[in-house]
Every structure is written in structure tokens, then in C-alpha cells.
Amino acid sequence: MTLRIPCPNCGERPHTEFAFGGEARLHEAPDDEADFARVFLPDNDPGSARERWFHALGCRTWFELTRDATTNRIG
Amino acid sequence: MRPGSLRFEGREIPIQDGDTVASAMFRAGVRTFSRSLKSRRRRGLYCGTGECPNCMVTVDGVPGVRSCVTDAAAGMRVERGRGWPSAEHDLLHVTDLMHPLMPVGFYMKTFVRPRFAWPLAERVIRRATGSGRLPEGRDPSRFTARHVHVDAAVVGAGGAGLAAALEAARAGDRVLLCDAFPIGSRMPPGPALDGIRALEAEVQAERAIEIVDRHAALGVYDGPTLALASDDELVQVHAGRVVLATGATETHEAFPGNDLPGVWLGRAASQMAGLHGVHPGRRVVVVASTEEGLDHLRTLVGAGVDVVAAVVPSAFLDDVPPTAEAIADGELISASGGGRGRVRSVTLRERGEQRRIPCDALVLSTGLAPRDELARMASPDEPVELVGDAALGDGVAPGVSGGYVCLCEDVSAHDLEQAWSEGFRSAEILKRYTTATMGPCRGAMCGRALAAFAARRSEGRDRAAAPRTAARPPVRPVALEALAASVHEVIEKRTSLHDTHLAAGARLGWSSGWKRPFAYGDWREEYAAVRERAGLMDVGTLGKILIAGRDAATLVDRVFPGRVADLAPGRSRYVLALYEAGYVADDGILGALGDGTFFLTSTSGGAERMDARLREWTFRLGLHVHLLDRTSELGAIVVAGPDARDLLGSLSDDAIDAAALPHGGLREITVAGVPCTALRTGFVGELAFELHHPRSGGPRLWAELIRAGERVDARPFGMDALELLRLEKGHPYIGQDTLPDDTPAKLGLDRAVDMGKSWFVGRAALERLARGPVGRRLVGLSFEGGPADAAELRGMPVGAGGEIVGRVTSAGRSPALVRSIGLAWVRTRDGELPAALTAGDATASVVPTPFYDPEGARLRG
Amino acid sequence: MAELSTSAPTVTAVLASPDACERVSALPGACPISPGEVTIVGDASITALRQAVQRIDPDAVVRDVSDGWAMHTISGERARDAFARLSELELPASGSVQGAVARIGVRVLVEGDRVDLLVPSMLAAHLRERIQDECRELLS
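Chains as they are written, first to last, in this note's numbering: chain A, 1 to 75; chain B, 1 to 861; chain C, 1 to 140.
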């Protein structure tokens, strides 16, 4: 009820229709240490971050958006 | 005419037309409506708007009913709450005298030791402070829930709300107008009510306005979405904008004696006199600082109430009816009580002099406190606006000179002083320590008084201590039944053979969101059929995904850690799905079809996750892939056992010998006229064919297989037999035998990984982990001793040398091997498994898996 | 009041490039799901359709997926009220939308006072029960 996610195909929907894919990160890193940080140490800064979301109960497509986790403002 | 009476604590009380439960009780002479939470002080009618806790009674077994806003109906059973033996004569009133022994927050410092006494203490305290017993035998499902979509939602159907709704409708909006009560229901007859009725008629004539009365607004959420609850419905209103015409309460002042029965807010007193025809007292003092207060004064006088004094600002002197003594600019000091705790006199300061006026009722209209909680909980950029009295802003802060600040939680001004002196110095922290504003009124009455107290104390020092405490939903108490309306957590999936299994007498149970047969009779016989002859199982629950498109081979190569790029058409391979951390997420079988597409099966619980994962990597890697989830579209039946080929052969003209359809192969065949994709699989350790077919063909295919199977005494088998069949082969169930951070190495599934591939999901993590020893392994165990039914060992910790080193994840007595076996994860030290393991009373030795037919001879061919 | 009925419609899945999908979306019974996917409800002359789509996108997948879906239809003057008990989705006067209905991903086709719910067949029985439960007094 409290967080609405704008799906690029279906429009704004309650977050319960989605699965959260975490911070958008690259799929590889240059070395071991960077890869460990990539997988296990997301920045997790308060404020805006680029995220991946999956519209599980709708069009079942993945997309990215920017969300401020402290205000839930998107975009 | 509404004749009849209600039953009140053993007596009949007559009801008049338009009565509320409170007015009927009051007319019958009831003055103590409840007892306060801690001190058990008598409380009488006060706010008249259903916001304070004083009038709460139990009606027809339901506690917490605000009698001042509840219509009286013939036959209602009404009882007061707290009070032992009764609210009228409450022996526990002595706690009021013990106030010095029970300072604010005392319960956080006492009732801790001795610990054994807590259960008894809790029961006593609960009885003493409870507001009533929950009713038994109520049907919780009578609440429905619905969603409404409008352009404008207007909360509050008073003058401002009705006008706002009309304006919106005439501008072309779809409007929903709600109110906690029927329109105009709490107003005494007069010009104000006439005005409301006129507006109401206009609103009813507008088709674009949906009127929803008797629904209280609970909260405003992002959207904006407004939640409303009535006594049988929860409504979520999705609005383009929200207009709050919630009005204002009359200011609740805290002064010595402010909680005595006989102290009224203006609205309550004027309703009692003007609407219900009962005088709030015989000698009434009115303090009116607002226009509304003057209206109430006129209503009281017009109803024949003896107003002995009216304390008003000097500007209002001319408006005071001649029958009352007008006192200009008097300051209210205190009210004092007499017998039965009722008001006996009021003390004022007039022109510097203190003056005591004997009276039995004090009516207060000293200000307006806008009901702005809903606005305060909305995000600042949401289209939510306040109109009418609700938009008035804070006005003059209430006085806090003594008496009770929080009526619900029984928090006095003295309690706040004490808390402040203990160092709790902001409204938010005072709230948490004293529980002020945490009662049923949700701060509607006392929120401003609490903030005023903190502001005055921190004057000149910490201005941040001043604001009111955060507004959060629900703004009104709401039954859990309302919030649970239409929430149905359990989602059940079924195969097309569901009814077939029921008709065959199967015992169905839950497995990963599906209803599945666990056994059709004695599961051991079903197990034996598979090992010795043939068995049939409905595996339509398996996830099935078609992977197509020009990058299909690329996708499977990158998503799965094993060698799959060279998978020839007609061949399949066991695959793992890994997380980027290298952990095992799922497993399945990947088959290559003739046309460059792939057919992937996955565990019954993992289909949607697998589909989501494939879509994610298609997206992240920018590949051209088409994914079609065929889980619903296809049913699947396994035919397994030494006689499986014979059985199938009797129903199919297609070649299914070892050359045409070898172990690990897949092929399109027709069985009993139903087109199938047949996979040779090895999950149960016998010759087996997994027949994927159109869902609609399932019942026919199953019936034919059963019929043809009679020749060899084939049996249908379910989850119970499957559990043992697969355990004898040492196959782990992802989720049952695996831990969230299990890697292929820990599960002994390195064969599903090809580190020679330059990249796949999780490769970097596996490479990093491979540099150290494997910290834990899933191993096969053979048990000696222990329970006769080895299945009891499941979940047992595994011990070695007095320490716990693991846990048994699966266990059972194997008829084929005549011993007890199981799977367990066991911690290693320097990569080595400990010796001399135990599990419960049994000793356990690590043995290689598969336990049964380790060479797999029975699978192949 | 409203009526509930269940049927097994013909359903075709088209997975293709955005260009191809846009053309397909103009066909009768077409529900656009995403730029790369369209679901067509009703007869679709699948062979001809496949040829036409693959002319634009040779890589496209066009398949009859009728077995994967069931249709529950709520019709009558209270049909939209019944739907409002099951889902937060706002229905257009006519058209299609996909989203959560009774917490299941459903494709909704709506025309006037007729609401068609296209549901994966493995969930058809469950959804029917939910509809009957939630809309009890609205259904005749």
C-alpha cells in the first residue's frame, strides 16, 4: 500500500506486484576483491540508488529505476 | 417512533427516538461511564464525538464501543468495563490513593523480580486494567474489502466537506465523500443542521459523488490511497487527490479536576440538551471562548438548562443570554468534586480575585484543535489538502496546569512533570515513557496538550522539543477483522489430475504451493511397485520453461555453471542454478530440442524463480531470448520401474528402446494418442520416462497408463514413496537437504560445474572459494542403532567428540538395502570430515552415495 | 447482480521483436503484455499468424498455449463491483490490463459489464474459489 512502483509497461502499481532485484550492479568485476565487494558489499547509501525491479505479477519484465530509500521517492 | 429499551447491568433502560447508548444511560441517571486505566477514577461523558475514552462500554459482548456515538437499539445489552465488583463501586479505586507509590513509568521498574511471580502478576494486572473481554463466537469473515478509484476523495461530510465534494463533482471529478457517521447525525436541530441538509440534498443529486457514511478514515498512504473501515467493510480509495474536511475537536485543557464526571466539552453538553433533551446538570457553568461555544451556550439556555455563569471573552459579553451571569475574561483554575466524584464547584480567577462557583456541570468550549492527523501522515508532495476547520492551524495551545493530560492512558500533568524531571524532554520521548497519546484516542484529545507541555518546558532551550508526535495510521481504532478482510495467504496450485487423485482415494497434502498426492494407500507398497515392477507419478508440478531466440544457447551457457553449449538435440543434462555469490539456488534438467530451442524443467517450488532468473540475465546481458513458462500448459507423468518400457510400449507405436531414447535423452512420442515430450530421467533410480504432455490430455493419459499397468500390477505413487526412492539414490532436495550458502562443492555436485568456461553466473565466487578448504559437506550416512523408523532421525543434530558438527536433513529405513540411511550436512576441519559420528542414539558412518545401485545400471538401458 | 462462468478459450502467445509485437497488438483479442510479448485470446489462425510475424522477425515464437490458461468471466451490472473486491487494478471501459487479482498474476480483458480473467490453468480452481468467496452476495 505504501510504495508504488512505476512499471514501464504497465504503469504505477503497488510494490506487492513486484520482486526487488537489489542495487543495480555490473555482472562482473576486474579482480577477486572487487568481485567480492560487488556481490557482498553493496553501497547501501541513504539516499538515491539505482535498483532493479521485476514485475512478477504483471508483465514479468525487469527494469531499472532510481529510488531514494529514505523518502521512497522514485525517479 | 423507536420504542423499546436496552438492558443495562440488570435493569431496563427506556430508549427515546434518536438516543445514543450514552444519552439513554445518562437520562436513566448513569453518571460514571467508565473507570480510568490506572487510578480507577470515575469518568463521565466528555467529548460527545467518539474521540475520548470515557464513554466506552461493552455492547452485546463487544468491548470498546463509544456509547456517545452509537445509536441505541432495542434489546441491546450494555455493560460498563473496568470495575470490581462494578464500575459504580470499584474497590480497586484505592489505587488512586496509592498514586505516590505508582509514579509514571513505575511498571518499567517493578514487576521484574522474582521472575516466577510474573505469570501471576500479569494475570492480576491484566484483569485490573483490561477494558473488557473479547467476544467469543464472532464470525471474523463478515468483513469484505473493496477498492475504489476516484479523482477526489473527501473525508468528512460536514459543511466544508459537502461543499468540497460538490465543487469537485461540478468540475468533472469522480468523487467519494466519506464520514464516520451519517451526515448531520450529531447536530442538534437549528440553522446549522438546516444548512447541512440543504447541501446534502445537492450532493445526493450529483451522480458523480459516491457517499460512504459510517466509514472511519484510518490513514492516508502513498498514491494517495485512503483506507476506510466500517463495521463490515474495509475500503481502499485510490484517489487523484485527497481533501480533508475532518473539522476540529474542541480543545482539551488539562487543569485540576478536568477529568471529573460533570466536566463536558461544549458539543457533548449541547447534544445532550439540544438533541436528546436531557440537561447535563442542574447548575451549569459554561466557559466559551469560541463562536461555536456561544452556539452551545444558546442551545443550552434554549433547552431550559440553568446556566448559572458564562465565562466569555469581553468581546462576547453581549451574546450571553440574560439568564446567565456573564463573567468577562475569567480564567478557569480548577474543578472540584464531591460525592461520587462528580463536579461540585468550579474555581475561577476574575479580575485578579479567586472565586468559587457551586455547580454540578462545567461546559468548556475554549478553542478548536483541527483534526489534521491524516494530513500530517501524508508525504509532503502528495496531493492532500485540509479545508474548513481542519485547516485552521494550531491556534492557542491548551493549558497544562494540572489534572489529566491523557485520559486514555491516565497520564496526569504531574506524571509529565515527573518524567521531565527524570530527563525525558521532548514530546516524542515523553510519549514513549508515559504512554500519553498511545491510547484509543490516538492523541486526538491529548496530542496538543502533550506538545504544549513540552514546548513550555523547553522554552528558550530546545525548540525541537515542541512539535506534536508523529501521526501514524490507524487514526481510529480498527478491528483486526477489518484489516484481515480478503487477505488470503494460501495460494493453491493444482495439476489436471487433481480430481483423478481424489477419486482414487489419494491422501493429498501441501508441497511447495501445490496440492499433491502423498500416498494412494500403503506407500511402502507403492515404493515396492517402483523398485520391482512399475509405478506412475503425477509430476505436473514441475516447472517447465521454453528457451528460444537467437541467443538461447548463449543464455543457458552463461546462466548455468555446467557444460551445456554442446548439448546435442535430443539430449538433456542435470543443471544447477547459482546465485552470483556462488550458492545453489535451484536445480533442474536442461534438454535441447531439435530447433535450437531448449526445454528446461525445474523443481516444483522453483518454477517462477527460475523464470525470473532467466529473464533477469537476459535483461542484464542484453540478449535476444524468448522465454515461455509452460508450467501450467504441460502436465507431466513419470512411468518408472523395470517394467516401465513394456508398459509404455503397449500404449505407443514410437521407438522407445535404449537406442532411440537412451538415458539422458528426450524425444517426441505419442502415448495413448496424447503427444508427449518424453525425457529419460533418473531421479528414483529405476528405468523411467517423464512424459510431458498438454494439460488437457492428462486425465486420458493417466487413465490409459493405469489400465495398461494392471497387467504388471503397476501402482500410482506419491510424495511419501518418492521421498524414500530418491533418498536411496542420495539425491538432495534443494531447500530440504541444502542450506542457503551451499555451493556445488559442498553438495558434491562438482560434476554440474565446468570451471573451464570463461564466464557463468557465480564463477568468480566459486573460484575465490576454491582457494580454501570446503567448510561443510552434504554426505550420505548409514545408521546403526537408533529408532526403528529411521525417518525420526530427520532434523537430528550430528555429533562428533561431544560437539555438534552437523544436522541430518533426510533419513529413512531402506527396504532395498535393509538398513537405515540418511543425508546430513557435516562441518569439516581443514577439509576433513570428523570420525565417529552420532545422531541421537544412533551411530552414523559416512558412506558414498548413491546408496542403491551406485553404478546406475538400473537407470540405463 | 453478476454471473460467474468458466471457459477454456483459444490462447496464442507471441514472443517477438517490438516491431512485430506492435503489429500483432492491433489484432482482435490481442493483449499487449510487454514490448516483446503479446497474448491473443480467441481464434488466431495460428499458421498464418506465425508466417506473418516471422516475416518481420524470423526469430519470433508463435505458439498455441491454450492449455496453459483458463478464463473466468464475471458479467452483469455488478461485474465491476465484484472485480473491485478482488483487485486494486483500475479497469478501463474496454481493453486489457495485467496485474494482481486475488494476489495472482492475471490478464484481465474488459468490455462494458463483462470482465474476463485469464488465469494460468494451474491456478484456475483456486481463483474461482476466491471469486466465489469474496463476491458471494454479488453473484447469482
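Simulated from the structure, these hints should not be mistaken for laboratory data.
Ideal Cβ placement from N, Cα and C applies to all residues, glycine included.
Any given hint could be a false lead.
Computed footprint of chain B on chain C, listed as stretches where at least three residues anywhere in the stretch have a Cβ under 8 Å from a Cβ of chain B [to be verified]:
| # | region |
| --- | --- |
| 1 | 21 to 28 |
| 2 | 39 to 49 |
| 3 | 67 to 76 |
| 4 | 108 to 118 |
| 5 | 126 to 138 |
Once the Cα atoms are required to be at most 25 Å apart in a straight line, the calculated DMTMM-like pairs of lysine to aspartate or glutamate come out as [what the hints assert, rightly or not]:
| # | chain 1 | residue 1 | chain 2 | residue 2 |
| --- | --- | --- | --- | --- |
| 6 | B | Lys-515 | C | Glu-129 |
| 7 | B | Lys-746 | A | Glu-23 |
| 8 | B | Lys-746 | A | Glu-33 |
| 9 | B | Lys-757 | A | Asp-32 |
| 10 | B | Lys-757 | A | Glu-33 |
| 11 | B | Lys-757 | A | Glu-12 |
| 12 | B | Lys-746 | A | Asp-31 |
| 13 | B | Lys-746 | A | Asp-32 |
| 14 | B | Lys-757 | A | Glu-64 |
| 15 | B | Lys-746 | A | Asp-68 |
| 16 | B | Lys-515 | C | Asp-81 |
Computed spacing ranges between beta-carbons, pair by pair [to be verified]:
| # | chain 1 | residue 1 | chain 2 | residue 2 | range |
| --- | --- | --- | --- | --- | --- |
| 17 | A | Thr-66 | B | Ser-230 | 36 to 44 Å |
| 18 | B | Pro-474 | C | Asp-81 | 20 to 28 Å |
| 19 | B | Gly-622 | A | Thr-66 | 40 to 48 Å |
| 20 | B | Arg-507 | C | Asp-43 | 36 to 44 Å |
| 21 | B | Pro-854 | A | Thr-2 | 53 to 61 Å |
| 22 | B | Arg-425 | A | Thr-2 | 26 to 34 Å |
| 23 | A | Asn-72 | B | Gly-785 | 55 to 63 Å |
| 24 | B | Ser-230 | C | Pro-58 | 54 to 62 Å |
| 25 | B | Asp-499 | C | Asp-81 | 26 to 34 Å |
| 26 | B | Gly-622 | A | Thr-2 | 32 to 40 Å |
Structure-inconsistent hints, enumerated in ascending order: 1, 2, 4, 7, 11, 14, 15, 16 and 19
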